[in-house]
Amino acid sequence: MGNRDIRKKPPLFADDIAVVKRHYDAQSDAYLVMGTHQRPDLKKPFNVVAWHSRHNKKLIDIKTFDSQTGARAHFSAALTAPEAPEHPLLDRDWQKDRLYKWENSFLNDSSARINKKEALALIRRVCKDYNISEPELEWCAAKKGGAAYVIDEHKIYFSDRDAVSLLHELAHAIDAVRHDKEPDSGAEHAPAFVWLAIELYNRYAGIRMDYMIVSANNAGLLGDLQENQMLFSTAAMDRAP
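Mapping the sequence shown onto my numbering, position 37 (from 1) lands on 37, and the numbers just tick up by one.
It should be emphasised that the hints constitute simulated quantities derived from the structure, not laboratory data. Watch out, some of these pointers could steer you wrong.
Between beta-carbon pairs, the in silico distance windows are [as the list claims (entries may be wrong)]: (1) 226 with 100: 36 to 46 Å; (2) 109 with 159: 37 to 47 Å; (3) 85 with 218: 24 to 34 Å; (4) 23 with 136: 30 to 40 Å; (5) 77 with 218: 45 to 55 Å.
Listed next, the in silico DSS-like pairs over lysine-lysine satisfying Cα-Cα at most 30 Å (straight line) [as the list claims (entries may be wrong)]: (6) 155 with 57; (7) 57 with 44; (8) 58 with 44.
Glycine included, C-beta positions come from ideal geometry on N, C-alpha and C.
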């Protein structure tokens, strides 16, 4: 039997359950957990499957089961879902400002200035390599500053005039296609996006991968490196400036 009524009880947190299985999703920067919880007013522990974000351990979308078999089945089904559930505590864009700060602090000096012709050539090259259609480029007045990719228009508005800013928006375009995002979806800067952006910065702007990985990890941008099993070399850390 599933879904005990625990709504009137205090909120559950990840530390309240004995975790049996855990999966980290770098796209939503959240954990899917399965475990058991012993409530004082019940004789037996019950099984729990729930989500929590990397920066907040409060459990959400909680499902409870008498049997571990039912919990395992639900956990496995949740793993095949296209994405984590929508919830205010699963804010996939909570580290946006932190990412912008890292890019400005660590990448600005390595980002080449580009003109419109070079920008169009870069768009063409990246989109061919990643097998997506080329987004339209709106070459905005430089004095406006900034850059943005709009999903429902498949269009990049570009004022920044540097390669890293354009590659950042191209990473959003690739991410939107890969995950079939809704046209009205906003940009997200979860760890999966950061890894993709770093890949582009290395491949097309020539910025050292080890330097970016170490500095981005120090800024807390790469998610749970152990759980998501991303490539992360200790040798690369040793070589970083």
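Checked hints:
Checked against the hint of 36 to 46 Å, the pair residue 226 and residue 100 fails, with Cβ atoms roughly 26 Å apart. Residue 109 and residue 159 have their C-beta atoms about 20 Å apart, which leaves the hinted 37 to 47 Å range violated. Restraint check, residue 85 to residue 218: a C-beta distance of roughly 31 Å satisfies the suggested window 24 to 34 Å. Take residue 23 and residue 136: their Cβ atoms lie about 37 Å apart, and the range 30 to 40 Å holds.
Residue 77 and residue 218 have their C-beta atoms about 37 Å apart, which leaves the hinted 45 to 55 Å range violated. About 37 Å separates the Cα atoms of residue 155 and residue 57, which puts this hinted pair outside 30 Å; it is violated. Using a Cα cut-off of 30 Å, the hinted pair residue 57 and residue 44 holds, with the two alpha carbons roughly 24 Å apart. Proposed proximity of residue 58 and residue 44 is supported: the alpha carbons are some 22 Å apart, at most 30 Å.
Consistency note: the structure conflicts with the earlier hints numbered 1, 2, 5 and 6.
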